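Taking the numbering used here, the leading residue of the sequence shown gets -1, the next gets one more, and so forth.
Derived from the structure by calculation, the hints contain no laboratory data.
A couple of the hints might just be wrong.
[What the hints assert, rightly or not] Derived pair list, reagent style DSS-like, types lysine-lysine, alpha-carbon separation capped at 27 Å: (1) K944 to K606; (2) K290 to K376; (3) K702 to K769.
[Said to hold, decoys possible] Label-pair restraints from in silico Cβ distances: (4) F30 to K1023: 55 to 63 Å; (5) N924 to E687: 33 to 41 Å; (6) E687 to F30: 22 to 30 Å; (7) E0 to K741: 50 to 58 Å; (8) I475 to D70: 35 to 43 Å; (9) N104 to F75: 23 to 31 Å; (10) Q831 to K654: 48 to 56 Å; (11) Y1024 to N691: 33 to 41 Å; (12) D457 to N300: 16 to 24 Å; (13) T692 to D904: 50 to 58 Å; (14) D651 to P960: 53 to 61 Å; (15) D70 to K599: 24 to 32 Å; (16) Y1075 to E0: 19 to 27 Å; (17) Q8 to Y1075: 51 to 59 Å.
Predicted, not measured: the structure shown is a model, and the values here were computed from it.
For each residue, glycine too, the CB sits at the ideal point set by N, CA and C.
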Amino acid sequence: VEKWASRLGQELWDLGLSVTKASEIRASYKKFNARVLPTDGEAILKTIVTNVNKLLTRKMDSVTCLIHVAEDLAEEFAEDNSTFHYYSSKFSPRNGVVDEEHENLNISFYLDMNLGSDSQFYDLLVNSTFSSVHVPTDVLDRGSDVKRAILWSNYLDSVFQNNMLSDPTMSWQHFGSSTGFLRHFPGKRYIITVSHNIVLVCSIKGLSVSTDRILSLLYITAVHWNMGIDMFDCRTRPWYIEAATCSKEIVILVDNSGSMWGMRNTIARLTVSTILDTFSNNDFINIFSFNKTVKELVPCINSDILVQATPENIQVFKEAVFKLCPDDKADFPLAFEAAFNLLAKARKNRTCPENICNQALMLVTDSIPENITYIFEKFNWFNNRTHIPVRVFTYLIGREVINVKEIEFAACMNRGGMVHIKSLEEVRSQVMKYISVIARPLVMQAIEHPLSWTHTFVDIMVRKAGLFAFMEANKEINFITSVSGPAFDRRSKINNTLTNLTNPTDLLGVVATDVPISLIKSLTLPYKIGANGYAFVLTNNGYLLFHPDLRAVYKGNLKENYNSVDLTEVELLDDEVQEPRSPSADILKLRKMMVSGVEGKLLGLKIKFHYGNMRRIGVETRNYYFAPLNSTPFTMGLVLPQPYGNHWIKAGDEIKKSKQMGIPIGSYFKGNWRIHPDWVYCDYHWKYEHNFNTTEDKLLHFLKRIDSPDWQWKEQFQTDYHSRNFEKCAWPNIPPDEYFCDKELMQLLVFDAKITDNSYKTSKWAAKDRKEKELVERFGASVRFVATQSGLTRWHHIPDEANVTRYYLLSFGEDNQNALEEMWYKSAVLHHQLDPDAFVFSVPFDAGSQKHIKVTASHAIFPRDGGNEAPGSVVGFQIDHAAFYRRFSEITSKHNCPTCPSCASDELDCYVIDGHGYIVLSEVRNDTGKFFGEVEGAIMEAMVSKNIFRQVLMFDYQGVCPEDVKGPNSVSRLANPFLAVLHMAHWIFKAILGILIENNIMSFVKDFVDVKPTFRPVSDVPEVKYDACDEMGLFYLLQHWSKEGYYSASAANCSRPFSVKRVQHTNLLLIVVNALYQSCYRPMSARMKKVEYNDSMAHMAPCHKLNLNSLPRRPLTGCFNTHHLERELEICNCGRTSSVADWFILCILFYSMITLYKLL
């Protein structure tokens, strides 16, 4: 067995050295005087932070400029009687063409939008010479306040344009008016999204009361199914909410007594759901339902905690609120006492300091039957009512109400507001009114304009046949953050007096701009960080803005918790902890320091991590460096692995040398090559104005320019990039042909091209000698390649004599152009610590069923200089699996013992596995790519006990687990006759409506629906949905282990006798098993499995994450929750329902009926 392993290893080593020219490339580093220098993590981080600060500061300056201009325009604008026209994002004709659904509308007020595709904005149809306006469905654009704001904000276009012309990285710019409309630049059409939030009705009792309730039910159904109804409102976007209200701590009380039955319950549930839409990750909330008792809405979120308003938590609250069924009487004092106690506890624990956070209690009810002043006196009125820490907002539900004065009093005497919601279509407009009340102290101070940054959210854009829609099958997800700030209405400015004060609390709106996360990542200098190192950004809440292990998308769908993944969920210490969600003290310390926004470092943490789609793991020591990003809630982190991350390779001025020698730089880039598609080498500021077919064409273009005598190196962010002149916004425009380059990266790239040029300067491979040709043919080698630290990848396809074109059809470079980020690159660098003279072999996971299996081998080259070494490049090759197995069989069928069996006999089972326990070669082809423990669990267990492999427990806190959805299939329909009756009722309704249309009795509906009474097919296949879950699994790592191997002469621990030897110069093990012995089948797995928590409630997503709720967070700065003049105000947002025009309500309800019909 030792001879078999030795011969196989030597042939593979000879093949690798011969084909990859690893020795020649290693010698080239010395030939070109490569310098191996110490890596200064703090210096690298400082450079990254400086560049990112310049980028983010420019965005903040643009927003600040827009705020000042908006306030000036609103104050000075004088409305005339001219015709009211504007660019409507919904109704304006596009390039002279009116949308079919708008043909019967009066669109004379809307200007024609001439739109064209723009690469800077995801190839959307836009126009960057003007902005367009989106007005929500429940807002009238000709209302006096809305009309005036649309008119004066039109003059923001010149500032929008100047911001973009002076900063080519500028993305979408927004002005969200407090009246509800959104002005966005550049102008574009708005696409109505389709959602499917099912509304559960507790009882059909409300259907038999009155016609308006039936119509309201139609409305809520249409709204929540959102089939073609525009429900977008900028005032619910994170950038608007955070700028207007800052951090909030809120308890919502939902009256669940018997009087809330029927339509009131439906309105109440929609009200709570709409309130929840106005929260963000910087808010903390809880919801209690009450009647005779007070209950937590979500059982595991008990009454003594506030939880973070993450999208995941909000969704759980929404699902819970729609399950409420009213009963019994309401005990209001008990409910208020529970809410006030919880908020008082939060103040005491200082999770949110009083001078920063806004605390509020929101009551959703149909009446308050008693005077509860004594509750406020005890829990909320302090120092003779000069200190009222908690605002109270009351939502009066239903048309017939009593004790209105008590509800008004409860709100107005506690710095809050009351609204009366009579029907479902009023819910959103009424809920939004609380924002202006909470924003009141901010507006009243009228001086500071604190800027807010959002957590990550998405901008999903899709192109389909020239139109854009939100389609699951073809979508591009762009992650962004936004910076925003409030603009104030100066017409109500306060001068420390309330004289002639009529409307002192007007928020003009919020200004914002988006910043793509990819733009920040492009400034993180990955070539300096090196293999297996990375940069990441952490928010003030400890959540990741970006991180290489942030897996926000699963099978094309966005995860609910994509923007609330905590640092402790991705950085795992290699310790002995066996219980999930038990972060180590070192990781908690790292998180606390980063969240606090200080600069520092934490060195020598032994970390376990996964790669290869959660199928392989690694363990290494890492150093962490971090520093805050100025004027943001973000902290930049940098991770460098040890020991190989302690040094890096620095090239000299290779470009200057080539110029002096008269050699065109582009001549080193011949044959097959790629550069990293996401790294910035050289580019134009206006990159979308300079079209190149590929990133390689762009590079060659700049290399040619560099060769010219008048070439100048320019940085992306010049020191005098702009002056901070907010009021004039007079920043110089960037010329169309202005460019920038990363000089150090370009020098390193040219250096890497030179050292690999001799081996890859042609596009075709040719064997150096007969031996190389024989080895290539013996193992079926098809590709050889090299990838370098500068992101350069070069390769040769090795043609098969029998089918010369086969390998040219599948280009290696198309699927392997990410260099340092490829799995074979990471594996080779990691394995260098185990064996520097080895190739790392791997096969695709579970590849046994594939027709053609490729085996990939890679080897890391660590140039040495002055006694130090650093990873410079990785070389490799691919061989045919069938040829590899043939050669393995030939080797293992030969031995010097005439009576000894071979692997071809029935006496032995032979395997070759890799350093993570996956089968590379087996007599059973279908075993290829499987974990060895699944086939020979007892032997794998024995190898762990002999320290050949180390068993590592790994957790995945971003897991997604399938859950069968219990839906109505053919069996359940037979078992439940009600479903059959309901299905028949649907059919009868559609049939009757169809007859009415055919006889022109309802001909006006024809344009809206297409009625064909047909039965829907019923599927017996259960629907599968994917829920967030925690997963854990055992994985295996090959250890520093002697080359002598291990031999078990007799059966032990239920395993058959076996021999294991290292295949020299590889990461492979040869395992030979005596097949004549019986073995118990004891399979072992190397896959993640769902964590089953003991707590009955822990299956719910927020329940098993409650430990995150107690971790430190940094409150936002620049918040205002009090103003000394506020208590003198006699006005209060205790209002009557601001009625919507009757014709508008009828239109909405009619369209809702048609939409409901479509659903049926």
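A range of 55 to 63 Å was offered for this pair. Does it hold for the Cβ distance of F30 and K1023?
Since F30 and K1023 have Cβ atoms about 56 Å apart, the given range 55 to 63 Å holds.
With respect to the beta-carbon atoms only, verify the hint that D70 and K599 lie 24 to 32 Å apart.
violated, 46 Å
Outcome of range test on Cβ distance (N104, F75; 23 to 31 Å)
holds, 26 Å
Is it true that Q8 and Y1075 lie within 51 to 59 Å of each other by Cβ?
violated, 31 Å
Lying within 50 to 58 Å: is that true of the beta-carbon distance T692 to D904?
holds, 55 Å
When you take the CB atoms of D651 and P960, is the distance between them in 53 to 61 Å?
holds, 56 Å
A range of 19 to 27 Å was offered for this pair. Does it hold for the Cβ distance of Y1075 and E0?
Holds, at about 21 Å.
CB of E687 to CB of F30, is that within 22 to 30 Å?
Distance hint for E687, F30 is violated at roughly 37 Å.
Do the alpha carbons of K702 and K769 lie within 27 Å of each other, as the hint requires?
Violated, because 40 Å separates the two Cα atoms, which is more than 27 Å.
Taking 27 Å as the top limit, are the C-alpha atoms of K290 and K376 close enough?
holds, 21 Å
Just to be sure I understand the hint, the distance between the Cβ atoms of I475 and D70 should be within 35 to 43 Å; is that true here?
holds, 38 Å
Assessment of proposed distance window 50 to 58 Å (beta carbons of E0, K741)
holds, 53 Å
When held up to the earlier numbered hints, the structure conflicts with 3, 5, 6, 10, 12, 15, 17 and fits the remainder.
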